[in-house]
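Knowing the structure of chain A, use the given hints to seat chain B on it.
Going down the list, the protein sequences come from chains A and B. Counting in the numbering used here, the first sequence runs from 670 upward without gaps. Counting in the numbering used here, the second sequence runs from 670 upward without gaps.
It should be emphasised that the hints constitute simulated quantities derived from the structure, not laboratory data.
Intra- or inter-copy, both count: the list cannot distinguish identical chains.
For lysine-lysine, the following DSS-like pairs were computed, each having C-alpha atoms within a straight-line distance of at most 27 Å:
hint: 1; residue 1: LYS992; residue 2: LYS977
hint: 2; residue 1: LYS683; residue 2: LYS897
hint: 3; residue 1: LYS737; residue 2: LYS992
hint: 4; residue 1: LYS994; residue 2: LYS962
hint: 5; residue 1: LYS737; residue 2: LYS1013
hint: 6; residue 1: LYS1048; residue 2: LYS991
hint: 7; residue 1: LYS992; residue 2: LYS1013
hint: 8; residue 1: LYS757; residue 2: LYS779
hint: 9; residue 1: LYS1118; residue 2: LYS1093
hint: 10; residue 1: LYS991; residue 2: LYS737
hint: 11; residue 1: LYS737; residue 2: LYS962
hint: 12; residue 1: LYS701; residue 2: LYS737
hint: 13; residue 1: LYS897; residue 2: LYS962
hint: 14; residue 1: LYS1013; residue 2: LYS1052
All figures in this text were calculated on a predicted structure; none of them were measured in a lab.
There are 2 protein chains.
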Amino acid sequence: MSNNNKQNDKQFVKEITPQSEDFSRWYLDVIKKADLMDYAPVRGCIIFKPDGYEIWELMQRELDARFKETGHRNAYFPMFIPESFLQKEKDHIEGFNPELPWVTEAGGEKLEERLAIRPTSETMFGHMYARWIQSYRDLPVLINQWANVVRWEKRTQPFLRTSEFLWQEGHTAHETEEEARQETMQMLEIYRNFVENFLAIPVITGQKTPSEKFAGAVDTYSIEAIMKDGRAVQMGTSHYLGQNFAKAFEIQYLDRENTQQYVHTTSWGVSTRMIGAMIMVHGDDRGLQLPPKVAPTQVVMIPIGPAKSRDLVIARTDELFKKLKAAGIRTSVDDRAEMSPGWKFNEYEMRGIPIRVEIGPRDMENGQAVLVSRVSGEKRMIKQDELVSEVNQLLEEIHNQMYNNAKAYMDSHFYSINTLDELKQQLELERGFYLAGWCGSDACEQQVKEESGATSRNIPFNVQEHKTICLACNEASKHTVVFARAY
Amino acid sequence: MSNNNKQNDKQFVKEITPQSEDFSRWYLDVIKKADLMDYAPVRGCIIFKPDGYEIWELMQRELDARFKETGHRNAYFPMFIPESFLQKEKDHIEGFNPELPWVTEAGGEKLEERLAIRPTSETMFGHMYARWIQSYRDLPVLINQWANVVRWEKRTQPFLRTSEFLWQEGHTAHETEEEARQETMQMLEIYRNFVENFLAIPVITGQKTPSEKFAGAVDTYSIEAIMKDGRAVQMGTSHYLGQNFAKAFEIQYLDRENTQQYVHTTSWGVSTRMIGAMIMVHGDDRGLQLPPKVAPTQVVMIPIGPAKSRDLVIARTDELFKKLKAAGIRTSVDDRAEMSPGWKFNEYEMRGIPIRVEIGPRDMENGQAVLVSRVSGEKRMIKQDELVSEVNQLLEEIHNQMYNNAKAYMDSHFYSINTLDELKQQLELERGFYLAGWCGSDACEQQVKEESGATSRNIPFNVQEHKTICLACNEASKHTVVFARAY
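Isolated chain A (complex conformation):
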């Protein structure tokens, strides 16, 4: 809320393009005007500015607590991966090779072996786990890492797909397939719960098709969300890696019968792309709408009224501010005299602050204040004595409204279709999630992608309807799949 923002706004964006006019433009306008990021002078990289980074800090804090509750501990592994490590798992290197940056010189000398900057760390964890794990008594190993990773992709978009990004990557090793699969599903469920109950974003939970799974995984599971332009964002993935990396890196243990066995491993991650998705799910033509649990500022207090009553109103505002702070509510006050209340209302609506509190001279007399909800625009006259409980209740209502709005959007953009032609026609009308049958062949999936631009998002765990015919070849379907155009 510093003066900096003002200047930057002028520099960057005057007005926000309406979503209906150009959704991409709207997105870029909003994230710049709300001062969440700036473009970096390195291809595809961004600066996570304080207002953007703080959202990530709140996400981290909550996820980190959930990981620790379930027995995981954090560690830090090097970002340099020797080329020979990446070569050890065939699918893995094939998948990631095109996107790797390579360090070839360091300390004034050419390196004997090139070092990749990690795109993900299965290989480094694999190498170390092989050293650390000898016996079933050493298992499970449950480690998470918060780190930067790099994928040098052709097309980038702030938050959603940047050359360097921030994420967490969990890597676990287990005695049995069953236990590793349980871990895989447990972490997927943690992600689903977090995204729905913290970011207010409904998701479709399911399994990736073989062509869309993680390079080196046996099975990949994902949560998929829908943006307000009908395109999908993969919000998080959890992988059962089987014994692929265990065999590539010789991660063996002596089991309870004294026999050498390969461990079963998992990995799972979410990234700063969640910030982008959160904006695209909840934002509107006035700007951001931040879900209360992840809003760096949950409440902004604005004293109003004529100059003569100003000092008194500000003094009362400060008292109430302290009460909200003490109750753990992230609150700020904007009592700048040089800006009009109207300007401030627009400003904080644009920044997506969930609740605005207005206090004027009349409210002083009545012991009242006005709460305004960013999501519904509703104004609520409340007693100052009940401010904390009223704010807490409204924050919860706002979270629920945001979730319900997003859920309503998803439901109204969820189409059941039978053929690829139908998919193409529907996509012309309106983008969304398309439920269709699929025979299981790569060829049919590829044909859908080429002809419609839609990719398989996942094979959802819960669907009302099981589709019986493959949308591409009309043969019997093996799976019911959600297709969508995706970021």
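Positioned in the frame of chain A, the structure of chain B alone reads:
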């Protein structure tokens, strides 16, 4: 405290080398046996294992709160620095060039411009600040970043000097020199306070000599600690950068008189090397001694006594464990039947847990328990009802004892000397901090370094004695300087 550790100990270290026999060996033994780290398969890099990383998390949490209290906000900038950026500040590139790793290929193509991995980020911040700052109204800018950085150094040592390490780097921009200098000193004071009151390490606060200052700074200030082998570790630095980076990157603002001015900038940082210093200041021949405020486990509870009373004792231990947990004390219980109490006592002493709580069948009857201090070995019989307050009090006592022990060591290894010959003789007897006069010439400082291996640590702010003669040339001294052999 998982079973993993046991296995790793076997793999790595049987016994800890005594400090008096070989301090370096002792250090490497301790950090491996306590499972804080492992060597990575990349030159000079380490894995920060969970028991080591958790210490860093506790340091981060505390420092982050102190940065935020003083108005700083976190952000994240790219780790790739274009070569041309580094070239812009002459001293900066000269200082860092020999240690840079270079990305020369990415995404399957040779890059047009090489990208360095950041050794520090003044240049990237400088470039962005030039875009963000237009007017005095935009100032100050107060941003901190938690990040990984890389310095490809010839000689490395776990935690103290690794190719890749973790740190925070604050970068601020101000209207006036005075304000920037205040910021520089404020952050130095935050570091001093943190290191003394959180890590229980006394430090000498002062200014670096020109030859030892940060590459590109006008003035560098540092806090310097002494290890148990008499060598110094620079624990943190705070730099007043003047207008050096402002001019190199054109960071200009319109001042209150509507004139273009260059900003004044600062930067300041501490890193994971603090973990290594903490171990070398407090550890002993039995292993680690963790300062209570940074110990991931502050209290370990060990039920003792014969098998027949085992279940009852464990049940009571669990009750008390819950009380300690609820009071916010980081506590664990080791009730494994297969390990003897004696084995556990040694194990947790080696791991540096500040307090051990023993509870046996007799204590059940008496409503008592035994607290054992890691630092003094003192045993204290206390009432179970008063466990929480007794533990809190003992934790505070332990912190103070550790600080006092370290202070006593520093004081007894602080020598006032007059000549370089004296310095060389004293260094043969015992290493420590050496207070001496210095005429201010690079040549004399260089001579001291070459002949004694000692470098100037800093020009302390507070000294009892002002030395009047330069130790090298015998001319009148300009500064009273602390010299030491340093890590």
